[in-house]
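Count along the sequence shown from 1, add 4, and you get the number used in the numbering used here.
Everything labelled a hint here was simulated from the structure, so no lab data went into it. Wrong hints could be hidden among the right ones.
The following label-pair restraints were derived from C-beta to C-beta distances [claimed, not checked]:
id: 1; residue 1: V198; residue 2: D126; range: 18 to 28 Å
id: 2; residue 1: V198; residue 2: R99; range: 20 to 30 Å
id: 3; residue 1: G151; residue 2: R61; range: 18 to 28 Å
id: 4; residue 1: S158; residue 2: V101; range: 25 to 35 Å
id: 5; residue 1: A93; residue 2: P185; range: 30 to 40 Å
Just so you know, these numbers come straight off a predicted model, no measurement behind them. Idealized CB from N, CA, C, for every residue including glycine.
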Amino acid sequence: MLRRLTLVLLAAILVGGVAQAWLWRLGVEPLTAVVNTQFAWAVILYAAGWAAPRRTRWAALTGAVTGGLLIGGYYLCQALADGTGSATAQFAKSRGVAWVAATIAVGIVLGVLGGWSARAGDRPVRAAFALLTMAAALVLGPLLLVGLYGGEVSATSRLVVPVAYGVIGVALALHAVRRVPRHCLARGAVAALVASAAGLGVLVLLMTRVLYRTF
(Lines of atoms letter the chains of each structure in order from A and count residues from 1; the text may use other names and numbers.)
(Lines give C-alpha, C1' and ligand atoms only; values in the text may rest on other atoms or scores of the structure.)
Protein backbone atom coordinates (compact mmCIF):
# COMPACT_ATOMS: atom_id res chain seq x y z
CA MET A 1 0.00 0.00 0.00
CA LEU A 2 2.78 2.43 0.91
CA ARG A 3 4.49 1.78 -2.40
CA ARG A 4 1.27 2.43 -4.33
CA LEU A 5 0.66 5.67 -2.45
CA THR A 6 4.23 6.81 -3.06
CA LEU A 7 3.87 6.17 -6.80
CA VAL A 8 0.58 8.06 -6.94
CA LEU A 9 1.97 11.06 -5.07
CA LEU A 10 5.06 11.07 -7.29
CA ALA A 11 2.79 11.00 -10.34
CA ALA A 12 0.88 13.99 -8.93
CA ILE A 13 4.09 16.01 -8.70
CA LEU A 14 5.36 14.93 -12.12
CA VAL A 15 2.07 15.42 -13.99
CA GLY A 16 0.66 18.37 -12.08
CA GLY A 17 3.90 20.29 -12.04
CA VAL A 18 6.86 19.01 -14.01
CA ALA A 19 4.99 17.90 -17.14
CA GLN A 20 2.76 20.94 -17.37
CA ALA A 21 5.61 23.36 -16.74
CA TRP A 22 8.26 21.86 -19.01
CA LEU A 23 7.09 18.93 -21.14
CA TRP A 24 5.01 21.04 -23.51
CA ARG A 25 8.08 23.16 -24.24
CA LEU A 26 9.76 20.08 -25.69
CA GLY A 27 6.87 19.38 -28.05
CA VAL A 28 6.74 15.67 -27.20
CA GLU A 29 3.51 14.69 -28.90
CA PRO A 30 1.26 12.85 -28.34
CA LEU A 31 2.56 12.41 -24.77
CA THR A 32 2.15 16.10 -24.05
CA ALA A 33 -1.47 16.02 -25.21
CA VAL A 34 -2.26 13.10 -22.89
CA VAL A 35 -0.64 14.35 -19.67
CA ASN A 36 -1.40 18.06 -20.07
CA THR A 37 -5.11 17.60 -19.56
CA GLN A 38 -7.47 17.66 -16.60
CA PHE A 39 -8.27 14.00 -17.23
CA ALA A 40 -4.72 13.07 -16.22
CA TRP A 41 -5.39 14.83 -12.92
CA ALA A 42 -8.69 12.95 -12.56
CA VAL A 43 -7.01 9.58 -13.06
CA ILE A 44 -4.33 10.42 -10.46
CA LEU A 45 -6.92 11.54 -7.89
CA TYR A 46 -8.95 8.40 -8.49
CA ALA A 47 -5.83 6.22 -8.20
CA ALA A 48 -4.96 7.94 -4.92
CA GLY A 49 -8.24 6.81 -3.40
CA TRP A 50 -7.76 3.30 -4.79
CA ALA A 51 -4.31 3.09 -3.16
CA ALA A 52 -5.48 4.47 0.19
CA PRO A 53 -6.15 2.36 3.32
CA ARG A 54 -9.44 0.47 3.23
CA ARG A 55 -11.69 3.14 4.76
CA THR A 56 -13.69 5.82 2.99
CA ARG A 57 -12.36 8.64 5.13
CA TRP A 58 -8.77 7.70 4.28
CA ALA A 59 -9.63 7.57 0.59
CA ALA A 60 -11.18 11.03 0.85
CA LEU A 61 -8.19 12.41 2.76
CA THR A 62 -5.72 10.88 0.31
CA GLY A 63 -7.65 12.38 -2.59
CA ALA A 64 -7.64 15.81 -0.96
CA VAL A 65 -3.90 15.68 -0.24
CA THR A 66 -3.18 14.53 -3.78
CA GLY A 67 -5.32 17.35 -5.14
CA GLY A 68 -3.29 19.79 -3.10
CA LEU A 69 -0.07 18.31 -4.48
CA LEU A 70 -1.35 18.55 -8.04
CA ILE A 71 -2.34 22.19 -7.89
CA GLY A 72 0.52 23.17 -5.58
CA GLY A 73 3.04 21.42 -7.80
CA TYR A 74 1.57 23.15 -10.81
CA TYR A 75 2.10 26.67 -9.45
CA LEU A 76 5.46 25.80 -7.89
CA CYS A 77 6.85 24.46 -11.16
CA GLN A 78 5.39 27.42 -13.05
CA ALA A 79 7.32 29.68 -10.68
CA LEU A 80 10.52 27.68 -11.24
CA ALA A 81 10.02 27.70 -15.02
CA ASP A 82 8.91 31.30 -15.58
CA GLY A 83 9.60 33.11 -12.32
CA THR A 84 7.51 33.85 -9.27
CA GLY A 85 6.08 36.99 -10.82
CA SER A 86 4.63 35.06 -13.73
CA ALA A 87 3.21 32.34 -11.47
CA THR A 88 1.69 34.90 -9.11
CA ALA A 89 0.12 36.81 -11.98
CA GLN A 90 -1.31 33.61 -13.42
CA PHE A 91 -2.71 32.65 -10.02
CA ALA A 92 -4.40 36.04 -9.66
CA LYS A 93 -5.73 36.31 -13.22
CA SER A 94 -6.96 32.73 -13.57
CA ARG A 95 -8.96 32.55 -10.31
CA GLY A 96 -6.28 30.54 -8.58
CA VAL A 97 -8.18 30.32 -5.30
CA ALA A 98 -11.13 28.76 -7.11
CA TRP A 99 -8.80 26.29 -8.87
CA VAL A 100 -7.23 25.25 -5.56
CA ALA A 101 -10.63 24.75 -3.93
CA ALA A 102 -12.00 22.90 -6.95
CA THR A 103 -9.00 20.58 -7.20
CA ILE A 104 -9.14 19.61 -3.54
CA ALA A 105 -12.92 19.15 -3.63
CA VAL A 106 -12.72 17.00 -6.75
CA GLY A 107 -9.85 15.12 -5.11
CA ILE A 108 -12.13 14.19 -2.23
CA VAL A 109 -14.89 12.99 -4.56
CA LEU A 110 -12.61 11.01 -6.86
CA GLY A 111 -10.63 9.68 -3.93
CA VAL A 112 -13.83 8.25 -2.48
CA LEU A 113 -14.74 6.72 -5.84
CA GLY A 114 -11.29 5.17 -6.06
CA GLY A 115 -11.55 3.78 -2.54
CA TRP A 116 -14.95 2.25 -3.23
CA SER A 117 -13.71 0.79 -6.52
CA ALA A 118 -10.91 -1.06 -4.73
CA ARG A 119 -13.36 -2.98 -2.52
CA ALA A 120 -15.56 -4.76 -5.05
CA GLY A 121 -15.63 -7.91 -2.92
CA ASP A 122 -16.84 -6.12 0.22
CA ARG A 123 -19.40 -3.66 -1.20
CA PRO A 124 -20.22 -4.79 -4.75
CA VAL A 125 -23.03 -2.31 -5.48
CA ARG A 126 -20.99 0.61 -4.25
CA ALA A 127 -17.95 -0.63 -6.18
CA ALA A 128 -20.02 -0.99 -9.36
CA PHE A 129 -21.28 2.57 -8.92
CA ALA A 130 -17.77 3.94 -8.42
CA LEU A 131 -16.17 1.99 -11.26
CA LEU A 132 -18.89 2.75 -13.79
CA THR A 133 -19.14 6.42 -12.80
CA MET A 134 -15.42 6.90 -13.38
CA ALA A 135 -15.57 4.82 -16.56
CA ALA A 136 -18.35 7.00 -17.97
CA ALA A 137 -16.52 10.20 -17.01
CA LEU A 138 -13.34 9.11 -18.79
CA VAL A 139 -15.14 7.88 -21.90
CA LEU A 140 -17.63 10.73 -22.25
CA GLY A 141 -15.75 13.66 -20.67
CA PRO A 142 -13.10 14.14 -23.40
CA LEU A 143 -15.73 13.68 -26.11
CA LEU A 144 -17.92 16.29 -24.47
CA LEU A 145 -15.12 18.85 -24.30
CA VAL A 146 -14.11 18.14 -27.89
CA GLY A 147 -17.71 18.83 -28.87
CA LEU A 148 -17.84 22.04 -26.84
CA TYR A 149 -14.62 23.69 -27.99
CA GLY A 150 -12.54 21.16 -29.88
CA GLY A 151 -11.65 23.76 -32.48
CA GLU A 152 -9.57 25.57 -29.85
CA VAL A 153 -7.23 22.62 -29.21
CA SER A 154 -4.79 20.83 -31.46
CA ALA A 155 -5.82 18.04 -33.79
CA THR A 156 -3.59 15.69 -31.81
CA SER A 157 -5.45 16.48 -28.59
CA ARG A 158 -8.82 16.06 -30.25
CA LEU A 159 -7.86 12.57 -31.35
CA VAL A 160 -5.43 11.19 -28.78
CA VAL A 161 -7.00 12.42 -25.53
CA PRO A 162 -10.44 10.78 -26.08
CA VAL A 163 -8.77 7.54 -27.20
CA ALA A 164 -6.27 7.38 -24.31
CA TYR A 165 -8.77 8.06 -21.56
CA GLY A 166 -11.50 6.11 -23.31
CA VAL A 167 -9.28 3.04 -23.09
CA ILE A 168 -8.87 3.56 -19.34
CA GLY A 169 -12.62 4.04 -18.96
CA VAL A 170 -13.42 0.86 -20.87
CA ALA A 171 -10.87 -1.04 -18.76
CA LEU A 172 -12.62 0.13 -15.58
CA ALA A 173 -15.99 -0.93 -16.96
CA LEU A 174 -14.62 -4.37 -17.85
CA HIS A 175 -13.13 -4.66 -14.38
CA ALA A 176 -16.58 -3.98 -12.94
CA VAL A 177 -18.12 -6.64 -15.16
CA ARG A 178 -15.53 -9.20 -14.04
CA ARG A 179 -15.59 -8.43 -10.31
CA VAL A 180 -19.18 -7.48 -9.53
CA PRO A 181 -22.17 -9.87 -9.57
CA ARG A 182 -24.69 -9.09 -12.32
CA HIS A 183 -27.56 -8.02 -10.07
CA CYS A 184 -25.26 -5.66 -8.15
CA LEU A 185 -23.78 -4.38 -11.40
CA ALA A 186 -27.20 -3.38 -12.72
CA ARG A 187 -28.06 -1.47 -9.55
CA GLY A 188 -24.72 0.31 -9.55
CA ALA A 189 -25.02 1.15 -13.25
CA VAL A 190 -28.27 3.06 -12.77
CA ALA A 191 -26.77 5.21 -10.03
CA ALA A 192 -23.57 5.66 -12.05
CA LEU A 193 -25.57 6.94 -15.03
CA VAL A 194 -27.16 9.66 -12.90
CA ALA A 195 -23.91 10.57 -11.14
CA SER A 196 -21.83 10.74 -14.31
CA ALA A 197 -24.44 12.92 -16.04
CA ALA A 198 -24.49 15.26 -13.04
CA GLY A 199 -20.70 15.32 -12.86
CA LEU A 200 -20.31 16.17 -16.52
CA GLY A 201 -22.93 18.88 -16.13
CA VAL A 202 -20.92 20.42 -13.29
CA LEU A 203 -17.79 20.18 -15.42
CA VAL A 204 -19.43 22.10 -18.24
CA LEU A 205 -20.71 24.73 -15.79
CA LEU A 206 -17.26 25.20 -14.26
CA MET A 207 -15.54 25.41 -17.63
CA THR A 208 -18.00 27.89 -19.10
CA ARG A 209 -18.99 30.05 -16.11
CA VAL A 210 -16.48 29.84 -13.26
CA LEU A 211 -13.02 28.64 -14.32
CA TYR A 212 -11.18 29.26 -17.55
CA ARG A 213 -11.38 26.53 -20.16
CA THR A 214 -8.97 23.63 -19.93
CA PHE A 215 -8.78 20.39 -21.79
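Hint by hint, here is what the structure shows:
no., hint, result
1, V198 to D126: 18 to 28 Å, "23 Å, holds"
2, V198 to R99: 20 to 30 Å, "29 Å, holds"
3, G151 to R61: 18 to 28 Å, "37 Å, violated"
4, S158 to V101: 25 to 35 Å, "29 Å, holds"
5, A93 to P185: 30 to 40 Å, "54 Å, violated"
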